[in-house]
Every structure is written in structure tokens, then in C-alpha cells.
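Under our numbering, the sequence shown has 892 at position 892, and the numbering climbs by one with no breaks.
Think of the hints as simulated: they come from the structure by calculation, not from any bench.
In this text, a Cβ means the ideal position worked out from N, Cα and C, and glycines have one as well.
Hints may contain errors.
As the list claims (entries may be wrong) - Here are the simulated distance ranges between beta carbons:
hint	residue 1	residue 2	range
1	Ala550	Gly630	33 to 43 Å
2	Gly886	Leu864	29 to 39 Å
3	Arg266	Ala145	49 to 59 Å
4	Leu705	Ile825	51 to 61 Å
5	Glu518	Asp640	38 to 48 Å
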Amino acid sequence: MEFKIIGKTRLHIDGNDYNLGPAKHRGVLTMLLYHFPRSVQVDLIAQVLWPSSTSDQVRRNLQPIISRLRSILVRSGSGGSIPKEGNAYRLDVELPEVIDYHRFRKLAEQGRRAAGSGDHRKAVALLRDALSLWNERPLQELEGAWADHCRDQMETFDRMPAFHALLDSQHQLGDHLEVMAEAGRLTATQAPDEAFAGLYIRSLDALGRYSTALDFYAVFSRRLLEHVGAEPGPELRDLYRSILRKQESTAYAGVVVPHQVPLPARNFIGRGSLLTELDALLEGGDEGRVVALHGMPSVGKSQLALKWASRHLDRFPDGNLYLELRGAGPGTPMAPDDVLAFLLRSLGAERIPVTGDERQLELRRVLSNRKMLIILDDAHDSAQVRPVLAATPNCSTIITSRTRLMGLNILDHVDLRLVSPLSTVESITLLRNEIGHTRSDQAPEALRDLAHLVDGLPLALRIIAQQVAHRPGTPIGELVAEFRDQDGLGVLGSVYDSDDESATLPVAFSWSFRYLPEGTARLFRLLGLHPTAEFGIDAAVALLGEPEDAVSAHLSALVRSNLLEHGNGPRRFRLHDTLHGYAEHLVRRDEPAQVRKYAGIRLLDWYLASCEAAAHLLDPQTSPVPPLPGMSAKPVQLLDETEALTWLTRHRSILIACVPQSVRLGFNEHAWRLSANFHEAYDRSSTFEDLLVAHRAALKAASALRDPEALSGTYSNLGMALYRLRRFAEARGHFEAGMAIAQDAGLREIQLVCAHNLASTLVDLGEIAAAIELYRETLDSVREMGYRDGEAYALDQLANAYRKIERDDLALEHHYAALAIRRAIGHVRGEAITLTELGKLHHERGEHETALGRLREALALHPLSGDHARNGEALVTLTEVEYDLGRFADVMTHAEQAVALCGSIGANKDLGRALHLWGHALVALGQVEEAEERWLRAADVLRGVAEVEVDVLLDHLVDLRRVREAIPAPRTSSPDFSAAPSKEVTERKI
């Protein structure tokens, strides 16, 4: 929550502005906020807002406004009030920091104290935070002489002193370029101020720009005389004389002091840890230090070097040199001898030696007693810069390169530092600064989505920010959707909106790409066909169609060039998202359609073959998906069910993305087979939304093929994903469609699967009799076929249906029959599911010890099959049994485990049950406050999922707060407490 009076008066709550009423209401509130915590006399309010009204008129106008403001403060939950004190009113809020102006003053004061104690980094951070609040004209709701006087006071005694303190601390930290730019702007736009003039001159002095400093002093002296009729004070005059002496001594010595390092980007964001590392690596000692920054194209290596230099130029009194080596840029990389010649000319050498060795000796002689900073930007390789390092041992040098300069590290002991993309927070900050805070604040989530599109690449962020800024009438969220739907680099690769093609990503990336060997370049292009940016070496082998050792060499070359990075796990790699988009752009542009087709088939063949192998290990009893004719890919080697599940889990995002990509590329046979083979694994891990995406794409493929087996099987799988998401009516339609197609085509096994799944759906839709009849038919059919696994499934589901009509005897009989089959055929997952159902049933019958036994057996098996959803369900049921047995310590332990597991997979109903039980155990142990916290969280989780249980929790909470005693059992639906408040009161409290 925040009150704002710097700009328009606003009450900002949870990202939204609260309605404060008409202009006069906002004006009264502005005066109360400005004077906080002092009271404001009614006469002053009248003078400012009703200057021509009588006292009676003011009272009649003011009283309802005060009442309205009091009501707003209460309804908004601000915690504020407006008491009357004699003939005055005062705003009362708990903390002054909720008012932006008073928060500014506190931050500014903290910043000045930090500067006074010598902690200038902390001072800069605090003062920047303070000044970031001051983006608009203060007290905009008020006009007239009093308001203008207040604004003048705020500017003179609040904002300008904060600016001066900030610039002074930046000067102490060596940020002379920033100080020069900001102090120069202030001295040009404000009345003559010796404090800012002094900072401007000191920054020029530190940068060695003596002539500019002296010229400015002369101009400033004339302005000061015109405004106040006086000359500069003694401090400024002493500074002037000091610089004059420096300029004279430099001129007499005949020494050239070059200042070539350019300014960093205006909107430089982040890199705090890297700048600190550079401080440690480049500071201290008489000898020069060398650091080589490397990273992918356009990640901001050069800007980082320039930013560090701008902070520390005063440490290099003999000047600084900057040279663009064109290692990956346009043109030919500079030869090492030419680099030496350029540096000699920059230092004023009249004669340049002929050979490289002579130039190296001459440069070493010229710099023998000089301490300089040298930036060698965009180095091609180690050999290009090694002669310079040998000739400049006393100079500090920063090298930037797109290549990891391992030779410098190994042979020359140069420190290498990787420059990674910006973080999400840094990316959002850069976008806000480029797009504008007002528009950004209107769509914070869309701004985050925009940042994720380019994954922290500064150039890409600036390109996309300009695209947004140039379309002010389109909501950012709509632009995000538009940019996301584009293939390849999309808007990031457009040359139509720029007058400089080098400001586009394709051109920036091409400078690195052009030096790759042809085989490596071809692999990079083909990686654009991979559906995701992360992949394993096996996928790269499949794409390129070459032996693994050759592919491994290509991948190493791409890593060395920072066009690729190692991924999560051995033999895994990752392209930056924008480089993946660039690879898509190249493969479409440079590879013939036939090459793209066969590379895509090789890749999908390998994923499909591996997926089939994993699926068979997971569920060997189920009939396999028909193999793809002619496929000869060698699958990944997997030993057992655990390895299969691990492989499928690690490749989930890739395999899910393969299905719609297969459809887009016209490989429909691959699409439906992929989704059919990984259905079992991802059903176990509860990734139902992912399954929905894949199965819907697979249904398009199956429909295009008009293959009854593909269509009916995919309808069944899609129906099951919908069933798991509790969208029963939709699931029913898909099961019925699949069953009809299978029946017409004589696909009896698929027909039975659809019938079985349809029966389960009918149970949840309340059509129990129809479900039991369908289960019985299915059971007879699978027994006739000798399909033991299908028989066990049918027995389990028939048992669940019998439980719905309170035939527990039949339910137990069928569950135990199913358990015997599961154990006989070695179906671990099925055995664990049946044990869980038995545990639930024995618990409902009051057979708690038996229930505990079944559930503990189930919990030992569920982790082996990776069925997280059923594991969570068994854990919650175990917790319920333990509660009924009075084992509250065990309840606490297992409820905590269930909350962690169910929360991680989004199983909200079981998560709510676990929290509910946990709260009861806490009450039983006398920990009432902790119980209240669990029940509040449970009620929040279960809203929209289990409203009846939410009502029970609300009643628990009311009684807990009212009487703090006798909480009913967890499954009590209507607790009876005396003097319990109404449901309306309950909901309002919650």
C-alpha cells in the first residue's frame, strides 16, 4: 500500500489505484499527506481550496469530504484515520513510509548518513531509490501561491540536496562519467549552484579533461555574477587553480594523455556482481592486471567493460586507450602488428617501427613509466592480443571476446569471466526504462512475459522495447502474444523498423557465425529444427547424421564460440532462446527443403524409438503402440523402469513440443505415436496440462491420417487427460467417440479401454448404475481375451463403483481380487494403486490398523512407479487414519510430507485435505495459532475445488477465534457451537 503526492495524489494498493473521489477530496487528502504527522488548520485548507468562500461555506463543504475520506481509509484497509484536533485535522497512519514524499525524505537521510560514514555504495543505492520516487511534479492536485511555495521548498531543500549527495558519492566511487553527465545537465538547466558546478569540474578533472573544466569555470563565473552579483567562492577558485597547474605541467612535458574510452550505454542495468569481481581483479599493486570478458553475441560484454572504466578512470592518470579489434564484427580482424601501430599513434609516436617485434619494444618503452587503462574490444583469438599484453605490463587491460580465450588463461594467466544474460528482474528494469514506467506499471505481468521472450539479452530487450514503445495504442499483453506467435527471431530479426541493420540480431549473430567451420555451421543451422533450445548429444547426432565423435567436436567448437552452453546434466547442451531463433532463421534460409525433411525425420525417429523403449519398460503388460514402418533409429539404452521414468521426465518438455512440431512439419505418423507412448509416464507425474497440449495436436495428426487405431487411441488418451483435470463432460464425449471408432474398425482392445474409462467418468458424473453395467461388460470381455492387466483395472474400478452404493463387501472382494492379479503379473504401479484404494476402504469401515498396513505397503511402492498423484493420495489417507488413532505427532510428520508433495504437483484437493488434518493435529497439541494458519491456507487452496470443505474450515476458524476450544473431528460437516457468527461474518473475516 502506498500514498502518492509526488505527481497526482493516489492510494496505490496491490498494483491498483483506489478511487479517492473528486478533485476537492484529493486536494484535502494531499494537504494532510504533505503535513503528516502534523495537523492542518481548517483556515489553511480554506485558503488553498476555497479562497473565496465564507467560513460557514467551508465548514459545510469540508465536513462531508472528511467523512468520505475517513470511509475510504477504512474500506481500503489502509489502517489510516483522520482525527479532529481543535480547528484542525490530522492524518494518522502507522508508518510514514507509506507516503512517497516521506519515504523519499527517509531514504535520502539514510543515504546522507551512509555517505557521511564512508559507505558510498550504500549511499548511492539509497539515494537512487529515493530519487526514483520523484518522476513528476509534486502536489499536482493543488495550485496557487501556497502550493507553489511548497513545491519550491521541496525542490530546494529535498530533491536538490539528494541529487548533490548522490553525485558526490558517485564521484567518491569513481563514476566520473555519470557524475559529469548529470552534474552538467543540472548546471545547464538550474540556476547557478556552486555545489553542482564543483562536482562537474571535479568529474572533468578526474577524466583528464582539463581544458573543458577551465572553459566551464569561466562560463559559470559569468552566469553567477549575472544572477547574484558575486564571484565563485574560495573552494571553487582553489579547484580552478589546481586544474590550471595540471594543464600547464602536461603541456610543458610534451606528453600525450589520450582519453579514448567512450561513455557506456545510457540505460546500463545490472552486472553488480561482475563489476565487483572486476574491482577485485583490476585493483591494487603497481603491476597491471588483465581480465578477458567472454560471452554470447550481444550479451553486453563491451558495455560492462565501459561501465567499469567510467567508474575508475581517475585511477589511471596517464590516460586510457580503446581499440575495436573487429574480431567478430564487420570487416577483417585487425592484425596484431596493426594493433601495436594504432596504440603507438594514439600515444603520439612520430615514427612507427616496421616490424611487429620493433613495435612491441617501442610500445613497451613508451609505456614503461605510465599507468594506463586499455580496453581491447572484440578480440578474435588469443594471438591477436598477446603482443599488446607483452608490451604493456604496467597497464590494466580489459579484453572482450565472443570466444572463450583459453590460450590466454592457460599460457598468460589471464582471468576469464563469463558475461551471462541479464536476470529476469534486470530485464524488466531495462524494459521499464525503455518503454516508460507509466505504461509498464499498467501491465506488470505482460512486462515479465516480454522479458521472458528474449531471456536476458540486452540488445534483444532494447529492440523489443522499441517495438512496444512505437505502438503506444496496443496493450503490452497483446504485443506479447503477437511476438510469441512469430517463428524464428520474429520481430527481433526485422530490418524494416531500423535504419541500421547492425542493430538487428541476425547481423550481430552473423559476425560470430561466419568464422565457424562448415560442418559446425551446418550443425548450428540444423539445431533450429529441434523443438526446444535444450537437447542432448544423441539428438544432435540424429540431426546431423554423423558419428558421435564428429558431432562432439562441432558442439565443443560452438561452446568455445559462446554460441552454445552446457545444459543441465552430462552430454546436454542449451542454445540461448534468441540463438535458437537465429538457427531457425538460418535453417529455413540456407538448407534445402529435402535436407530439412530428412534431418527432421532422423530426429523424430530417434525420439520416437527411445520413447517406445521407455514406454515398454514402464508398462510391459500393455499392448505396444504399433511401430512406425521403416524406422531404423537406435533408441537410448535404458535398463529398467526407473531409468525409463527418469529419461521420460528429463525429456518431458522436448517430447511434448515434438508432437505439435511433428504436425506442423507434416510428420503425422510420428505425432500420434509419440503422444501415445509417453501418455503413461506423464499421467503418473500428473502433468495433465502438458498431456492435453500433446494429445490435441496428436488428434489433428490422427484425423489427417484417418487411421482408426490412431484416432480411437488418441481420443481415449485425450479423454483421460480431461478426466484427470476433472472435466468429466468433455472426457465423456472423447471416450464415446473413441469407443465408436474402435467398434466400427474392430479394434476390440481399444474399444474396451474406452469403455472402461467411460465407466469411470460415469461414476464421477453420478450415473453409478450405468457405470457398473459397463464395468461388468468390460470385465467379461477382458477375461475372455485373457488380458490380465485389463482384468485387474476393471476389478478395481468396479470396486470403486460398489463403494458409491455402499456395497463395501463387494468392493473389498473385487479390490483383493485385483491385488492378487497385480502381484501375479508384477505390475508395481497397479499394485500400489489397489493398496491405496484398500487403505481408504478399510479406513472408512473403521478398520484402522488394517488400513495402516495397506497404506504403508502402497507408500513403499508408489515411489518406484513415479505415480506422484497416487503417492500424495495415499499419504493424506495415512494421515487421516493416524488422526483417528490419536497419533498426532505422526499426523504432523506425514501431513507436512503430503503438503510438500501435493503442492509440488498441483494436487489441490489432497493438499487442502492435508492442511486440514495438520490443523486439527495442531489444535489437539494446543498449538492454536499454527492451526489457524494451516486452516486459512487450506480454505484458500480448496476454494473452487471443494466448497463444502471450505465451509467447514470457515466454521472451524470462526470458532477457533471466538472460543479457542473443542474443534470438531476433521470430517464433521456441521459443527455445533453456541453463539457462532453467521456465514456472512465468517466470509468477511476470512
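Do the hints match the structure? See the list:
1. Ala550 with Gly630: 33 to 43 Å: 25 Å, violated
2. Gly886 with Leu864: 29 to 39 Å: For Gly886 and Leu864 the Cβ distance comes to about 31 Å; the hint holds.
3. Arg266 with Ala145: 49 to 59 Å: 38 Å, violated
4. Leu705 with Ile825: 51 to 61 Å: 33 Å, violated
5. Glu518 with Asp640: 38 to 48 Å: 42 Å, holds
Going through the hint list in order, the structure does not satisfy hints 1, 3 and 4.
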